[in-house]
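Protein chains in written order, with numbering that gives the first Met the number 0: chain A, 0 to 161; chain B, 0 to 161; chain C, 0 to 161; chain D, 0 to 161; chain E, 0 to 161; chain F, 0 to 161.
Wrong hints could be hidden among the right ones.
The list treats identical chains as one, so a pair stands whether inside a single copy or across any two.
As the list claims (entries may be wrong) - DMTMM-like cross-link-like pairs, simulated, lysine to aspartate or glutamate; straight-line CA separation at most 20 Å:
{"hint": "1", "residue 1": "K155", "residue 2": "E64"}
{"hint": "2", "residue 1": "K121", "residue 2": "D18"}
{"hint": "3", "residue 1": "K25", "residue 2": "D74"}
{"hint": "4", "residue 1": "K40", "residue 2": "E132"}
{"hint": "5", "residue 1": "K61", "residue 2": "E132"}
{"hint": "6", "residue 1": "K1", "residue 2": "D28"}
{"hint": "7", "residue 1": "K61", "residue 2": "E46"}
{"hint": "8", "residue 1": "K121", "residue 2": "D109"}
{"hint": "9", "residue 1": "K79", "residue 2": "E64"}
{"hint": "10", "residue 1": "K62", "residue 2": "D28"}
{"hint": "11", "residue 1": "K1", "residue 2": "E21"}
{"hint": "12", "residue 1": "K55", "residue 2": "D74"}
{"hint": "13", "residue 1": "K1", "residue 2": "D74"}
{"hint": "14", "residue 1": "K25", "residue 2": "D109"}
{"hint": "15", "residue 1": "K153", "residue 2": "D69"}
{"hint": "16", "residue 1": "K1", "residue 2": "D66"}
{"hint": "17", "residue 1": "K154", "residue 2": "D66"}
{"hint": "18", "residue 1": "K153", "residue 2": "E21"}
{"hint": "19", "residue 1": "K55", "residue 2": "E120"}
{"hint": "20", "residue 1": "K106", "residue 2": "D18"}
{"hint": "21", "residue 1": "K40", "residue 2": "D109"}
{"hint": "22", "residue 1": "K155", "residue 2": "D69"}
{"hint": "23", "residue 1": "K106", "residue 2": "E120"}
{"hint": "24", "residue 1": "K61", "residue 2": "E120"}
{"hint": "25", "residue 1": "K29", "residue 2": "E132"}
FYI, nobody ran anything at the bench for these hints, they're computed from the structure.
If you want the building blocks of each chain, they are given just below.
There are 6 protein chains.
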Amino acid sequence: MKIAIYPGSFDPITNGHLDILERAMKLFDKVIITIARNSTKVPMFTETERLEMIRKVVRSYKKVEVDCFDGLLVDYARRKNATAIVRGLRAISDFEYELQMALMNRKLSDGLVTVFLMPNEKYTYLNSSIVREIARLNGDVSRFVPVVVLKALKKKARSAKR
Amino acid sequence: MKIAIYPGSFDPITNGHLDILERAMKLFDKVIITIARNSTKVPMFTETERLEMIRKVVRSYKKVEVDCFDGLLVDYARRKNATAIVRGLRAISDFEYELQMALMNRKLSDGLVTVFLMPNEKYTYLNSSIVREIARLNGDVSRFVPVVVLKALKKKARSAKR
Amino acid sequence: MKIAIYPGSFDPITNGHLDILERAMKLFDKVIITIARNSTKVPMFTETERLEMIRKVVRSYKKVEVDCFDGLLVDYARRKNATAIVRGLRAISDFEYELQMALMNRKLSDGLVTVFLMPNEKYTYLNSSIVREIARLNGDVSRFVPVVVLKALKKKARSAKR
Amino acid sequence: MKIAIYPGSFDPITNGHLDILERAMKLFDKVIITIARNSTKVPMFTETERLEMIRKVVRSYKKVEVDCFDGLLVDYARRKNATAIVRGLRAISDFEYELQMALMNRKLSDGLVTVFLMPNEKYTYLNSSIVREIARLNGDVSRFVPVVVLKALKKKARSAKR
Amino acid sequence: MKIAIYPGSFDPITNGHLDILERAMKLFDKVIITIARNSTKVPMFTETERLEMIRKVVRSYKKVEVDCFDGLLVDYARRKNATAIVRGLRAISDFEYELQMALMNRKLSDGLVTVFLMPNEKYTYLNSSIVREIARLNGDVSRFVPVVVLKALKKKARSAKR
Amino acid sequence: MKIAIYPGSFDPITNGHLDILERAMKLFDKVIITIARNSTKVPMFTETERLEMIRKVVRSYKKVEVDCFDGLLVDYARRKNATAIVRGLRAISDFEYELQMALMNRKLSDGLVTVFLMPNEKYTYLNSSIVREIARLNGDVSRFVPVVVLKALKKKARSAKR
Chain A
0 MKIAIYPGSF
10 DPITNGHLDI
20 LERAMKLFDK
30 VIITIARNST
40 KVPMFTETER
50 LEMIRKVVRS
60 YKKVEVDCFD
70 GLLVDYARRK
80 NATAIVRGLR
90 AISDFEYELQ
100 MALMNRKLSD
110 GLVTVFLMPN
120 EKYTYLNSSI
130 VREIARLNGD
140 VSRFVPVVVL
150 KALKKKARSA
160 KR
Chain B
0 MKIAIYPGSF
10 DPITNGHLDI
20 LERAMKLFDK
30 VIITIARNST
40 KVPMFTETER
50 LEMIRKVVRS
60 YKKVEVDCFD
70 GLLVDYARRK
80 NATAIVRGLR
90 AISDFEYELQ
100 MALMNRKLSD
110 GLVTVFLMPN
120 EKYTYLNSSI
130 VREIARLNGD
140 VSRFVPVVVL
150 KALKKKARSA
160 KR
Chain C
0 MKIAIYPGSF
10 DPITNGHLDI
20 LERAMKLFDK
30 VIITIARNST
40 KVPMFTETER
50 LEMIRKVVRS
60 YKKVEVDCFD
70 GLLVDYARRK
80 NATAIVRGLR
90 AISDFEYELQ
100 MALMNRKLSD
110 GLVTVFLMPN
120 EKYTYLNSSI
130 VREIARLNGD
140 VSRFVPVVVL
150 KALKKKARSA
160 KR
Chain D
0 MKIAIYPGSF
10 DPITNGHLDI
20 LERAMKLFDK
30 VIITIARNST
40 KVPMFTETER
50 LEMIRKVVRS
60 YKKVEVDCFD
70 GLLVDYARRK
80 NATAIVRGLR
90 AISDFEYELQ
100 MALMNRKLSD
110 GLVTVFLMPN
120 EKYTYLNSSI
130 VREIARLNGD
140 VSRFVPVVVL
150 KALKKKARSA
160 KR
Chain E
0 MKIAIYPGSF
10 DPITNGHLDI
20 LERAMKLFDK
30 VIITIARNST
40 KVPMFTETER
50 LEMIRKVVRS
60 YKKVEVDCFD
70 GLLVDYARRK
80 NATAIVRGLR
90 AISDFEYELQ
100 MALMNRKLSD
110 GLVTVFLMPN
120 EKYTYLNSSI
130 VREIARLNGD
140 VSRFVPVVVL
150 KALKKKARSA
160 KR
Chain F
0 MKIAIYPGSF
10 DPITNGHLDI
20 LERAMKLFDK
30 VIITIARNST
40 KVPMFTETER
50 LEMIRKVVRS
60 YKKVEVDCFD
70 GLLVDYARRK
80 NATAIVRGLR
90 AISDFEYELQ
100 MALMNRKLSD
110 GLVTVFLMPN
120 EKYTYLNSSI
130 VREIARLNGD
140 VSRFVPVVVL
150 KALKKKARSA
160 KR
């Protein structure tokens with residue numbers, strides 16, 4: 000069985016992430032979408048909120064497991080018997096960061112293959128940070144995120160104003 | 000009448016911004032240079048100081064209006080009946096960010112055209128942040144900013160030392 | 000009256016070119032789409048064929064003029080009293096070539112403004128050369144070019160096989 | 000069974016190609032390395048020579064099939080029941096071309112997933128054209144190609160001199 | 000005597016920095032590796048710790064001097080009678096930042112030449128920040144830094160846990 | 000004595016090349032500007048014409064030697080006892096090609112250091128091919144090339160018309 004890890008912050012999960020996830024599902028027997036806990040950045044959504052949103056969104060996907068992890072990605076992948084790490088490639092700036100990560104992960108764990116997938120071009124310039132920014136300014140992000148996330152963003156916006 | 004919006008932080012306005020503004024004036028009947036209030040970054044100059052510097056610098060330009068705005072740029076552009084958003088293109092890193100912004104703005108407001116202009120090559124690698132950095136280290140930025148801004152930077156430097 | 004020049008090889012014109020043309024029409028009173036005759040490359044379509052295809056495609060556009068030119072673009076623009084040159088920006092590789100051209104044109108004619116416009120993201124990676132390549136391999140390019148061009152490509156393919 | 004296509008000119012096959020092939024073998028049940036016949040460029044090695052070199056080099060790989068194809072890659076992939084197209088990602092310039100190809104292939108055949116893999120960093124700037132160039136100048140390419148290819152390059156160099 | 004300045008944060012010094020330093024030593028009679036004090040970022044290691052690590056690592060290098068500086072790099076270079084500033088070039092993102100710095104430094108001090116050197120490709124994607132990140136997650140960074148730095152990183156990790 | 004090689008096609012030599020040459024002269028005791036004979040491209044100027052133009056242009060430079068070479072650059076550099084290869088860095092596209100070359104040269108000759116220098120920003124987008132193109136269209140290239148080259152370009156243009 001070929002297992003792939005799809006790691007990220009998912010703060011929040013967007014339609015671009017889902018697009019990558021669906022492509023990964025065509026390639027692997029199981030895909031573990033997993034939140035990296037170690038980020039030094041303060042997220043908009045707590046780990047629990049992010050996990051819950053992902054779980055709702057991927058509920059109908061048979062091959063997908065949702066998880067969190069601490070420590071090095073390569074150690075986590077080893078524990079999960081993963082063959083591959085899945086990463087979305089959008090802009091050039093992504094490209095360099097992703098290559099750096101892939102190289103470092105390879106140096107730390109030679110057997111692991113990093114697989115880059117390209118989202119639909121309508122998601123080329125979409126990322127979680129721009130979604131948060133537009134939502135913060137009360138813009139309409141309904142085309143960029145699943146309904147569950149849309150609701151959560153609106154709730155955050157309301158509570159921020161109080 | 001064709002109206003264009005030239006948005007930014009202008010913290011502070013540089014000769015590179017003025018170069019773009021002058022090009023935009025050749026294309027449009029009115030250009031509104033406008034400070035985006037929503038930035039999460041703490042600016043060097045207050046909004047009032049930045050507005051005042053811009054006003055002094057563009058005083059002799061007939062077609063230019065100076066303003067501030069809150070919320071989404073596309074909503075502001077609609078209120079101002081603008082046809083276009085003007086952006087300067089310098090380095091590749093700009094390019095990707097600007098494309099992302101242009102795409103998002105288009106998705107949020109289809110009628111609006113983002114117009115990219117290229118500054119004189121002597122301003123290719125100039126931006127407000129490097130001006131602030133050099134000024135902070137007591138370097139000479141007289142080639143990079145208008146006289147009004149130069150004075151304001153020196154005043155800031157003096158008060159920072161006290 | 001603000002006049003813009005939209006120069007290119009248009010071998011053949013694609014939906015991406017039309018997308019840029021339509022954006023330019025929002026900004027200018029007249030847009031001259033014009034074939035550069037000087038290219039050293041051997042085109043797939045003759046100048047007459049390319050002109051004819053463009054004319055059919057833009058027939059309903061009131062503000063658009065179709066033309067050819069020899070010599071330097073800046074000299075042509077001066078003869079046409081143009082304020083601006085319009086260029087589409089797609090990938091990074093475009094970006095550098097376009098900036099080089101814009102800089103050279105500016106050095107040769109300071110008054111002329113090069114205006115970069117971004118096509119719809121569905122045309123981000125579309126260009127005439129890939130259209131010719133897919134058509135040559137009998138692939139379906141109906142999503143990438145106007146009907147007139149589609150027919151011309153099929154005719155070329157048939158005559159190439161005889 | 001998951002089948003992947005690894006297309007290219009392979010003129011000649013290099014250690015960088017082999018590195019990508021070996022990674023692909025970890026992900027898929029079968030990998031078809033296949034020479035695209037349609038290139039307009041005149042190759043250094045004939046199709047037969049290139050096929051023979053690849054066959055010798057991959058002889059011990061159980062999961063690998065060697066082939067040639069005409070026409071569109073997506074049509075070939077469909078005939079072969081392939082799930083994925085494998086491409087190596089090296090430099091930024093690759094990146095844009097590859098993304099363009101991936102996008103076009105997706106538009107032509109939605110089910111097919113393009114998988115980008117990153118070679119070992121020692122092959123980051125290696126490609127067939129630089130190998131041919133160095134070999135032509137009698138430089139030592141033994142680190143960049145398999146022994147079979149090295150011999151073929153030397154033979155070509157000798158016959159070119161006569 | 001040709002003197003070069005190699006400035007940086009060196010938080011901490013990596014094998015990539017040493018690779019660049021050794022190349023610079025082939026070109027110049029003296030190379031001053033120097034810590035820029037002005038950074039607004041909070042470092043992992045104090046200035047004293049960083050200086051000490053560098054000193055230990057370069058002890059056997061006859062041509063190398065270790066130093067710190069305040070203020071503008073160009074003023075420091077002038078005081079040191081330096082002919083050149085040495086910078087490592089790795090990824091594209093580096094490239095743009097470095098060019099901006101080089102241009103600004105040139106505008107501030109015309110005589111000074113910025114020399115870009117390329118590290119061994121095994122250090123292409125290595126930088127201090129990724130070393131700190133991996134060390135923080137208890138990953139093995141022994142391939143990326145000198146022994147002295149490895150020990151210091153482990154000590155930091157232990158004290159962070161208490 | 001530190002010797003550097005500055006290789007190229009120099010078809011023709013431009014002010015951008017001279018700018019790089021002058022920077023190299025500050026760093027090295029001798030700089031050999033040398034024409035690579037192996038190019039497969041058909042040049043505008045013969046080797047003799049190119050050599051003659053370079054010789055006239057660098058006549059007053061004491062440290063500069065003018066030459067041609069066949070075969071691998073690294074072999075030539077070894078015969079000349081060179082410490083370094085000098086290359087100009089302009090745009091991103093250069094950057095990747097140059098890095099590839101530098102890496103290959105290093106693999107072929109480990110002792111040789113490739114030194115990248117950045118031209119004045121007014122030459123950022125200047126290269127021989129755009130000079131030839133503008134000259135061919137009777138544009139004014141007097142700002143881009145030395146007087147000797149300007150004359151030679153005009154002579155070529157006249158003879159092309161007969």
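Okay, the hints, checked on the actual structure:
no. : hint          : verdict
1   : K155 <-> E64  : neither (26 Å within a copy, 35 Å between copies)
2   : K121 <-> D18  : both (10 Å within a copy, 16 Å between copies)
3   : K25 <-> D74   : between (25 Å within a copy, 19 Å between copies)
4   : K40 <-> E132  : both (15 Å within a copy, 13 Å between copies)
5   : K61 <-> E132  : neither (32 Å within a copy, 34 Å between copies)
6   : K1 <-> D28    : both (5 Å within a copy, 10 Å between copies)
7   : K61 <-> E46   : neither (23 Å within a copy, 44 Å between copies)
8   : K121 <-> D109 : between (34 Å within a copy, 14 Å between copies)
9   : K79 <-> E64   : within (11 Å within a copy, 31 Å between copies)
10  : K62 <-> D28   : both (6 Å within a copy, 19 Å between copies)
11  : K1 <-> E21    : both (15 Å within a copy, 16 Å between copies)
12  : K55 <-> D74   : neither (27 Å within a copy, 32 Å between copies)
13  : K1 <-> D74    : within (17 Å within a copy, 27 Å between copies)
14  : K25 <-> D109  : between (24 Å within a copy, 12 Å between copies)
15  : K153 <-> D69  : between (29 Å within a copy, 18 Å between copies)
16  : K1 <-> D66    : within (17 Å within a copy, 26 Å between copies)
17  : K154 <-> D66  : neither (24 Å within a copy, 31 Å between copies)
18  : K153 <-> E21  : neither (26 Å within a copy, 35 Å between copies)
19  : K55 <-> E120  : neither (25 Å within a copy, 29 Å between copies)
20  : K106 <-> D18  : between (29 Å within a copy, 15 Å between copies)
21  : K40 <-> D109  : neither (29 Å within a copy, 33 Å between copies)
22  : K155 <-> D69  : between (26 Å within a copy, 19 Å between copies)
23  : K106 <-> E120 : between (31 Å within a copy, 10 Å between copies)
24  : K61 <-> E120  : neither (26 Å within a copy, 32 Å between copies)
25  : K29 <-> E132  : neither (33 Å within a copy, 28 Å between copies)
Against the hints set out earlier in the document, violations occur for numbers 1, 5, 7, 12, 17, 18, 19, 21, 24 and 25.
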